[in-house]
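J.: Each chain is listed here by its residues.
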Amino acid sequence: MSTIQPIAVQDEPHPDVALVAQVRAGDVAAYDTLVRKYERQIFRIAQHITQNREDAEDVMQDAFLKAYEKLDQFQGNSKFYTWLVRIAVNESLMRLRKRRTGKLVSMDEDVQTDEGSVPRDFADWAPNPEQNYTQSELAEILRKTIQGLPQGFRVVFALRDVEGLSTEETAETLGLSVPAVKSRLLRARLQLRERLTRYFGRKAPAIAQAAAAPNGDGAEA
Amino acid sequence: MTCTEFLTILDDVIDESIAVETRIEIELHLRKCGHCEVVLNTTRKTIEIFQCHEVYELPTEVSERLHTAIMENCKKVR
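Chains as they are written, first to last, in the working numbering: chain A, 332 to 552; chain D, 976 to 1053.
Hints are supplied without guarantee of correctness; some may be wrong.
Dumping the calculated BS3-like pairs for lysine-lysine here, alpha-carbon to alpha-carbon at most 30 Å [said to hold, decoys possible]:
#1 LYS397/A x LYS429/A
#2 LYS401/A x LYS429/A
#3 LYS429/A x LYS475/A
#4 LYS1051/D x LYS475/A
#5 LYS401/A x LYS1007/D
#6 LYS475/A x LYS1007/D
#7 LYS397/A x LYS1020/D
#8 LYS1020/D x LYS1007/D
#9 LYS513/A x LYS1007/D
#10 LYS397/A x LYS1007/D
#11 LYS475/A x LYS1050/D
#12 LYS368/A x LYS397/A
#13 LYS368/A x LYS513/A
#14 LYS429/A x LYS1007/D
#15 LYS513/A x LYS475/A
#16 LYS368/A x LYS1007/D
#17 LYS1051/D x LYS368/A
#18 LYS1020/D x LYS401/A
#19 LYS429/A x LYS1020/D
#20 LYS1020/D x LYS368/A
#21 LYS401/A x LYS475/A
#22 LYS397/A x LYS410/A
#23 LYS1007/D x LYS410/A
#24 LYS513/A x LYS1020/D
No lab work stands behind these hints, which were simulated from the structure alone. All figures in this text were calculated on a predicted structure; none of them were measured in a lab.
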């Protein structure tokens, strides 16, 4: 399985700057390079928000097309990637809104919870606990675990910890304050830790077996 | 340092954005508090696992299909 590499902070000029300039000059092949570079990240982000594969595919297409159409509006004072992520987040939220027949969807949804803000389970984990599972079992556990988070926490965790955006970039992308991002990130990390302890804690073999079974549901996702 | 104080700055500890003097306080606290040590280590591991394993994979054939559709639409725009 490939390792997800967070987008590293690079010295100026970022390689995308030249590619964006080429696209603006009419070089569609340069855009092809940008799409290949970021399509997996954009798909993952869309999946994290919409929780639906079909929607994520649509969001990915729409986000790249919209970015292409609006490239002249890209100011260049943020990275192309974070600008693209912002478009993908907005497209994902619009998609959710459609699914919920027009009901407003916001990043503040379900965040008024105290769950996970104070650790309760202090069981240590076995060394490299993920090695006790096959790749598909582990992916299922991780999916169930992150799907159980409130959306406002899940998206912050996905952008900041999985996709490697900085706290400031995450705040800008989601239209949140930096303290709000930090608060949500801490609670997301603690909730995920608490939930994974059910699988990876030294005293959780029964739950681990249940999770490994077909359609097993060892954790409340 | 109390456990509550430690928890407040847990993210900064994980992201290694802690002042030197606070770092010493943290080390002293962790030496005597097994619970906080577990929370720190397992939270770090939580992040690492999510970073190193694909939760949502994009299969190559889907990627190719979407990629082709994106580029075809882009060519229509200009």
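J.: Now tell me if each hint is right for this structure.
T.: Verification of the hints:
1. LYS397/A x LYS429/A: holds (18 Å)
2. LYS401/A x LYS429/A: Holds, because 23 Å separates the two Cα atoms, which is no more than 30 Å.
3. LYS429/A x LYS475/A: holds (24 Å)
4. LYS1051/D x LYS475/A: Violated: LYS1051/D and LYS475/A sit about 40 Å apart, past 30 Å.
5. LYS401/A x LYS1007/D: violated (56 Å)
6. LYS475/A x LYS1007/D: violated (34 Å)
7. LYS397/A x LYS1020/D: violated (37 Å)
8. LYS1020/D x LYS1007/D: Given pair LYS1020/D, LYS1007/D holds - Cα atoms ~21 Å apart, limit 30 Å.
9. LYS513/A x LYS1007/D: This hinted pair holds, its Cα atoms lying about 27 Å apart.
10. LYS397/A x LYS1007/D: Not satisfied, since the Cα-Cα distance of roughly 54 Å exceeds 30 Å.
11. LYS475/A x LYS1050/D: violated (39 Å)
12. LYS368/A x LYS397/A: holds (17 Å)
13. LYS368/A x LYS513/A: This hinted pair holds, its Cα atoms lying about 28 Å apart.
14. LYS429/A x LYS1007/D: violated (52 Å)
15. LYS513/A x LYS475/A: holds (23 Å)
16. LYS368/A x LYS1007/D: violated (46 Å)
17. LYS1051/D x LYS368/A: holds (22 Å)
18. LYS1020/D x LYS401/A: It is violated: about 39 Å lies between the C-alpha atoms, which goes past 30 Å.
19. LYS429/A x LYS1020/D: At roughly 36 Å apart (the allowed maximum being 30 Å), LYS1020/D and LYS429/A break the hint.
20. LYS1020/D x LYS368/A: holds (27 Å)
21. LYS401/A x LYS475/A: Violated, at about 36 Å.
22. LYS397/A x LYS410/A: At roughly 16 Å apart (the allowed maximum being 30 Å), LYS410/A and LYS397/A satisfy the hint.
23. LYS1007/D x LYS410/A: violated (44 Å)
24. LYS513/A x LYS1020/D: holds (19 Å)
Against the hints set out earlier in the document, violations occur for numbers 4, 5, 6, 7, 10, 11, 14, 16, 18, 19, 21, 23.
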